[in-house]
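**Student:** Letter by letter, the chains look like this.
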Amino acid sequence: MEQVRSVRVALPAGARTTEEELELLEAAFRAIVDMHYEGGADWKTAWEALERDGWTLHADLCWRVTAQRGHDFESASGRTKADALGQLLRLASLDATEGCP
Amino acid sequence: MSWETKARAHFRAELDSIRSAGLFKEERVIRSVQGAEIEVEYPPGAPPRKVINMCANNYLGLSSHPEVVRAAHAGLDERGYGMSSVRFICGTQDIHHRLERRLTEFLGTEDTLLFPSCMDANGGVFEACFGEQDVLIADRLVHASIVDGMRLCKAMQDTFKHSDMAHLEEKLIEHAGRRFRVIVTDGVFSMDGDLARLDAIADLAERHDALVFLDDSHATGFIGKKGRGTHEHCGVVGRIDIITTTLGKAMGGASGGCVSGRRELVEMCRQRARPYLFSNSVAPEIVAGALQVMDLVSRSTERRDRLEENAAYWRKGLSEAGLDLRPGDSPIVPVMLYNAKLAQEFSRDLFQEGIYGVGFFFPVVPKGQARIRTQLSAAHERRHLDLGIAAFRKVGAKHGILGLKRKEILAKFGE
Ligand SMILES: Cc1ncc(COP(=O)(O)O)c(C=O)c1O
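Line by line, the protein sequences are chains E and A.
FYI, in my numbering the residues of the first sequence are 1 to 101.
FYI, in my numbering the residues of the second sequence are 102 to 516.
Watch out, some of these pointers could steer you wrong.
Straight-line alpha carbon distances no greater than 30 Å define the calculated DSSO-like cross-link-like pairs of lysine-lysine that follow [what the hints assert, rightly or not]:
{"hint": "1", "chain 1": "A", "residue 1": "K495", "chain 2": "A", "residue 2": "K508"}
{"hint": "2", "chain 1": "E", "residue 1": "K81", "chain 2": "A", "residue 2": "K126"}
{"hint": "3", "chain 1": "A", "residue 1": "K126", "chain 2": "A", "residue 2": "K442"}
{"hint": "4", "chain 1": "A", "residue 1": "K126", "chain 2": "E", "residue 2": "K44"}
Just some of the chain E residues that point at chain A, by a computed CB distance under 10 Å [unchecked claim]:
{"hint": "5", "residue": "E21"}
{"hint": "6", "residue": "A67"}
{"hint": "7", "residue": "H71"}
{"hint": "8", "residue": "S93"}
{"hint": "9", "residue": "T97"}
{"hint": "10", "residue": "E98"}
{"hint": "11", "residue": "P101"}
If you are wondering where the hints come from, they were derived from the structure by calculation, not from laboratory data.
C-beta: ideal position from N, C-alpha, C; glycine also.
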């Protein structure tokens, strides 16, 4: 099996980090790794194809949150985790019950 | 993928899990026309039984009204069976436009567009009119078709607690930065039969510069002194920006729905609403029948008056018998049983007594709020109601719930 290599980044001694900050650091590093090593030139093909079809494009890194309950699935995205979760909460509130015909 | 080896097993397991959760829906076959009395084959294969129907949306008793049936026959003869086209290609007849004009007059709006159903009207209207810069703020008990329509729209989606005007106002303030804020509500809520506080909603909309969307499917034809709907009842005709409603309940009960309201919004639907653009035109005989319904409801309020009297009589009778009812003024009268199993057994026992009323329980209604939703019709005669009340009393006594309220019923049967 191929060896999975990882990079350890030391935080400054005594640095106090919240769970959220750590999550953010990890997400940022993962995004850099994905974009640099896995994206390759593939995204450019899709981007250009869409532009040729008249789309104006914009790409952004964001939080994506998902929720699953039995058969129900919701997902939302946002610039901050709070935004994404707020959106998820609003979406979930639409389906509190199935309701009557 | 081979259907036999993988997919069939998967879907069978899914269906089994629905069945074992007690949520499997089964159809009961009716062998008569729709009316106050119907013949039902239940269980499947059993000889049909005549029962009193207490669960149809046939509020005005027009589903099999001779004048409506006659008009539909004439429509069939004069304009044919079907259009084989969407509206904007070759599916619009003069009668489609006539019905749209009649609905506009009746609802007191600026313009109307027919859809194959109200489910389709709700599925198309939001996406056609609103976008990413907007927010739709819906009452938490709006109909499933509104939820689906909202989800198809790119606007932000939010909710307010059922009929809670303070919470709605909070949401209007929270979303003040959005281009359009749209308050979304049913007129009569199908679960409890309660009416939206449309006067307060219209005031809030005015104060916060928001728009109002109303689905009046359970109201058109009979709520309000002239039966024009919840907006008439609440004195806000002309202040509602979009109304959707169905022809599939009080208004003859066949099929069809519409978006009615501000001229420009209706025109946006004509240009962009996908169920209008991509689904077949309402059939001529249905349009002809609906035109006759419009004549009947515009000519006289006799049927909606009778419905109102029937609902009051039914409510009084069931209350006096000791059943626990959701309070309200509409012809939807939920008899609260709270426990899902009790609701199912109660419905079965009622059927044995000749009364057809179905049990609703989670996930259709919230947990611990199971019920039999009864619905009145102008077609009900006093004797139907008296027989119904006697049956509810008898079955209620059998289960020992007469005179009991929520806490006591839950203590006895659990959630
Ligand atoms: C509030 C509400 N809106 C829309 C619909 C759907 O109407 P239609 O049967 O015309 O699709 C219903 C029917 O159950 C309803 O109760």
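**Student:** So, for every hint listed, does it hold in this structure?
**Tutor:** Okay, the hints, checked on the actual structure:
The straight-line distance between the Cα atoms of A:K495 and A:K508 is roughly 21 Å, inside the 30 Å bound, and the hint therefore holds. Note on E:K81 and A:K126: the hinted pairing is violated, with a Cα-Cα distance of about 39 Å set against a maximum of 30 Å. A hinted pair counts as satisfied when its Cα atoms are at most 30 Å apart, and A:K126 with A:K442 qualifies at roughly 15 Å. At roughly 49 Å between alpha-carbon atoms, A:K126 and E:K44 are farther apart than 30 Å, so this suggested pair is violated.
The criterion of a C-beta within 10 Å of any C-beta in chain A is not met by E:E21, whose closest approach is roughly 27 Å, and the hint is violated. Against a cut-off of 10 Å between C-beta atoms, the interface hint on E:A67 is violated, since the closest Cβ of chain A lies about 15 Å away. Because the smallest distance between the Cβ of E:H71 and any Cβ of chain A comes to about 9 Å, under 10 Å, the interface hint for this residue holds. Residue-level restraint check for E:S93 holds (minimum Cβ-Cβ distance to chain A is 4 Å; threshold 10 Å).
Proximity of E:T97 to chain A holds as hinted, the smallest CB-CB distance being about 5 Å (cut-off 10 Å). The criterion of a C-beta within 10 Å of any C-beta in chain A is met by E:E98, whose closest approach is roughly 5 Å, and the hint holds. The beta carbon of E:P101 comes within 7 Å of a beta carbon in chain A, closer than 10 Å, and the hint placing it at the interface holds.
Of the numbered hints given earlier, the model fails hints 2, 4, 5, 6; all others are met.
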